[in-house]
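Asks: Those protein sequences? They're chains A and B, same order as listed. Under our numbering, the first sequence has 395 at position 130, and the numbering climbs by one with no breaks. Under our numbering, the second sequence has 230 at position 111, and the numbering climbs by one with no breaks.
Keep in mind the hints are simulated off the structure, nothing from the lab. Heads up, a few of these hints could be off.
[Said to hold, decoys possible] Within a straight-line C-alpha distance of at most 30 Å, the following computed DSS-like cross-link-like pairs (lysine-lysine) qualify:
#1 A:K405 / B:K230
#2 B:K230 / A:K449
#3 B:K290 / A:K449
[To be verified] Listing some non-contacts, in silico: residues in chain B with all C-beta distances to chain A over 10 Å:
#4 A165
#5 T194
#6 N197
#7 T220
#8 I279
#9 T288
[What the hints assert, rightly or not] Simulated restraints, written as ranges between beta carbons of each label pair:
#10 B:C253 / A:D375: 24 to 34 Å
#11 B:Y196 / A:D375: 30 to 40 Å
#12 A:Q1199 / B:Y196: 48 to 58 Å
#13 A:S759 / B:C253: 23 to 33 Å
#14 B:L277 / A:E694: 50 to 60 Å
Idealized CB from N, CA, C, for every residue including glycine.
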Amino acid sequence: MTFDKQNSQVTIYIDDQPYQVSTDNNLLAGVLSQKLNLPYFCWHPSMGSVGACRQCAVTQYQDENDQRGRLVMACTTPVTDGMRISLKDSQSEQFREQVIAAMMTNHPHDCPVCAEGGECHLQDMTVMTGHTHRNYQGEKRTFNNQYLGEFVGHEMNRCITCYRCVRFYKDYAGGDDFGVYGSKNQVYFGRQQEGQLESEFSGNLVEVCPTGVFTNKLFSAHYARKWDLQSAPSICAHCSIGCNTSVGERYGSVRRVMNRYNQAINGYFLCDRGRFGIGFVNGEKRLRQASGIRQSSPERLSKLDVSKALVHFRGKRFIGVGSARASFEANYLLKQFVGNSKFSLGLTERQMQLASLHQQYLSQYQPVSIADIEQSDFVLIVDEDITQTAPRMALAVRQALRNASIEKASELGVPHWQDSAVRTIGGQELSPLYLIQSMGTKLDNVAEQVIMQSTAATIKLLNLMTELITSNAPLIDIHHQGQQLSSLLNQLVSAKKPLIIGGWSRQSPQLLSAIMSLLDVLTKADMPVRSAIVAQEVNQVGAISLLDQQSLSVEDILENVKQEQSSEVGGIIFLEQELSGVSQTQLEQLKQTQLAIIALDHSENAVTALADIVLPAASVTEGDGHYVNYQGLIQRYYQVHPNRLPIMDSWRWLTLLATTLFAEHPLAKEAQSLSQLHDDCRQYDAKWPMLPLDDHYDIARESHRTSGRTSKTANISVHEPKTTQSTDGYRFSMEGSKPSSTAEMPFTWAPGWNSNQSITQFQQEVAGSLLLPMTTQYLSIAQSIAKYCDHSEAVVQTSQANALQFSQQIKWYQGDWQAGLTPEFTLIESTNYIFLSSDYASQQGWQSGQWLQVSCMSSKDNAPTSVIAELFFDPRLSDELCYGQLNELATFDVKQVSLMAASEKQVADYKMRRKAEHTKAEQAQQYMLERLKQQDQFIPIRLMNGGLDDV
Amino acid sequence: MNIVNQVMPHPNNYLTDAELAQIDHEISIMETREAAGIEALKIVQAHRGWISDDSLLAIAHYLQMSSAELEGVATFYNLIYRQPVGKFVIHLCNSVSCHLTGYAEVLAAVKQYLGIEYGQTTQDGLFTLLSNACLGGCDKSPVMMIGSEHYQQLTPDLAIDILEQLKQTAKSHGGDS
Ligand code: SF4
Ligand code: SF4
Ligand code: FES
């Protein structure tokens, strides 16, 4: 990315017409920024130029009198004032056509069976160059394809050798299990051996590859052409970054997630959790009917049925447990209805402390955006494995580390976009990254220093750093527990754009508080420090902004429940809350009470299992609402497809429940649309965020080429159904305004540009902001929980003899309950493993690769859980520290473990159990696919209409 | 943390002391460990005749580089053999100059004489036939290379004579391969 961007505009002449073009980028980017058509393959707006494909040739002239000119590759040519080029001259036109012709000698005649068809950059460029005849009669080179895992398909014959894939996977995303092999006419892109791609960004290959070599396997398994998909702008619901996505649907089932360009956040790339974790919306665990309510008509649930079921609770108070994955609106309403003193987010006491600190943090600092992270010249990450908990952020950190080499290159006069030259000049040189952490991460090998220690030691270390900076002591020769700190401290205080990242995953308020003290002294000393705190879930920041002094923790709720006889509480409403932090025994306690339990959720979980009434809630793809990301940015997701009744948005359910349960509340009325709800909330609460809900648009969710407008439901009725009315500015129809009428485009398309690369047509300039403005509204957050601000000494102590401190490594495909419902995520789960210090292991006489029995003392219930794990060594670990992954313990909250060698039988049992789980996931995958395909032929006409009581 | 999910032979058990010593020397004169990759491949190939998957993984492990990266190097250079080859590997130049001066006839003769196609090895394990884009001898084309020897201005007969001779040498030195 650009470092100290110098953006000066100069005049250049393209086919004798003057254009204003930025000198900060190459000629190809300049031409495309003018919305002119110039074909290209190897150049990528955020990966720069390598000049590999020769597709972007143009003719450059010395001056007005030069008639001949010479061919130059636009992507490797800088923009200079007054330069003259032609795109239309026959010389360069012919050259470009012949480049395609050469590629076509090997490209198969595959389009009909290719998943890229209809949105293929190669198809688009071929047409653009005018190459419309196949002249080549010879043989084509062929390859064997590889199995690359559950997500990415491989069809190497389609390769045109542009090198984009390997540049993305290796150079940009730091993956090391992918490469390019061979030479000449036999160049192969793939893994060294078949197997699951290990990078958490592998799915981007699908969009980066200009042809159909890499395809989204899950999409291919239940496929539709891009032009047949109904799409809407959405927000990834799987972590606190809030990447922008475009989700595609047909016949009522969601087919895929694609990147939706947002310059400040995800840019051109998503992580695999976001791209492939969408499966849950079609999943077997989905709740599609209400339960616990007597329906008067067997066909459908009516509002009257719902009120009848609730009427005898009228006048009772309810506890409301919201969640970090429910929309901002739903959480807000829940809090208003149950009242401040009965509102909870299902957080433990400890998490409430974190929430309190996080509120305080957000009230003092503006977290840095993903795009701004890329500008950093120093990064310190404190005990948070962002590669797995906020992958897109880690990708941005990787780009920030390149700034040192970009700067070095620019000193030699090589511009930042000359990708291969910059990489050659930079060599191994990286901007400084420091990691202080209790486990290994994928960023370790690009870090200047990794300090591996327990969270408790990290807290002490941060406090020491804070002291040193406060005292203004000279920062030379400073040690902490054997670690040299001088370079860390010196680089931190001298950096121009230093960045500190922390997060929730250690579940340690002391850690967060220590990070904030450090930020505090740096800020007070006027240092330009920037920061980000990674939350656990998509709307965590939005949800915790609602917590206040009176809000309840899980412990409070259980206490409340115990005294339930004496209280006026009639029940608990759970809003999209699976209570993952609560033990089975505690759940049993809830079950034992006389309280009515009402659960609103999209899929089955422990809470819906014990609920008396379960109401099916919309998932992100059929819902309409807002999530608040880690920066406090409020972002809207739109319905991709109509909700199939009685599934409804949680906020709709809540207002419906309120009409019976909380009838006196001013918000207890059903809103017809999200914008009406916002109007109501604004009238009720002056602090309600002002958001421009541009519902006056009339944008078609379908492309204007969609097949079967009138016949999609002909198997049920030959009458053309009325389209479902929607109130969000987008229509469930192929008729309406074009997708680019707003910055929140349902999909991107431009004449001649069918692939996602059409986005260039809607940017101010290549890789810049969109032509139409994005709404950027931040939630203002105050620290409103004070009672939990107990900053006492670290609680983490090793009490038991022989006990080690264990840190759970959460993988990208874990840690988000919703995405975890996708069967493919079970299929790629690694077996349990644990890393120990080699010293400790050899003292015990254990070998690497041996299996151990790990007994865990969780802080919650003290009964140890015993699991089996394979042993590996990490020489950086001290004797009392270990980390790894124990799938049975999804939580971050494990503190102490004791270890012993596992018996052969234990290992055999474990392997058998895993095999069974694997088989089960495979069956689930198959079954789901069959069901979805059957459903394609059966869409009840009701799906096409709306409203719970609608006839 | 990447979990090693390929079964990597441990380099110290797999590579011989002689190989390791030579590789260590190369490492000592390179800027980075992985820069010794190409030399390490040559060393192991000199000892074992070709680079097996196990050799590749062991070298990658020893140089602390990814096997994908090293595979890229190994497959890029056509003098690194990723399959077992015969005692004599014939690199026949198939670039433009040779095409103009009789490459096709030479190739046909060689193929017929050996009874193999490109990429194959004769049953007696003596010859492997590979193509090679330019050996730098355009002025004396057609050209082929066997071992470190270049044979120039080939004709079908000349090429076969050369192969005959090699076959004889191999026979008389029998068993020292
Ligand atoms: S696989 Fe795709 S991205 Fe990679 S080189 Fe081939 S065409 Fe380019
Ligand atoms: S999981 Fe997080 S990083 Fe990944 S696509 Fe979703 S929001 Fe982005
Ligand atoms: S895009 Fe310019 S050479 Fe490939």
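Asks: Work down the list of hints and note, for each, if the structure agrees.
Replies: Hints and how they fare:
1. A:K405 / B:K230: Answer holds: A:K405 to B:K230 is near 22 Å, not above 30 Å.
2. B:K230 / A:K449: holds (22 Å)
3. B:K290 / A:K449: Violated, at roughly 36 Å.
4. A165: Given a closest Cβ separation of 22 Å, the condition holds.
5. T194: At about 4 Å from chain A, B:T194 fails to clear the 10 Å cut-off, so the statement is violated.
6. N197: Violated: least Cβ distance 7 Å, not greater than 10 Å.
7. T220: holds (21 Å)
8. I279: holds (27 Å)
9. T288: Non-interface label stands for B:T288: nearest chain A Cβ at 31 Å, farther than 10 Å.
10. B:C253 / A:D375: 24 to 34 Å: holds (32 Å)
11. B:Y196 / A:D375: 30 to 40 Å: holds (31 Å)
12. A:Q1199 / B:Y196: 48 to 58 Å: holds (53 Å)
13. A:S759 / B:C253: 23 to 33 Å: Hint violated: Cβ distance 52 Å, outside 23 to 33 Å.
14. B:L277 / A:E694: 50 to 60 Å: Since B:L277 and A:E694 have Cβ atoms about 53 Å apart, the given range 50 to 60 Å holds.
In this structure, the earlier hints numbered 3, 5, 6 and 13 are contradicted, and the remaining ones agree with it.
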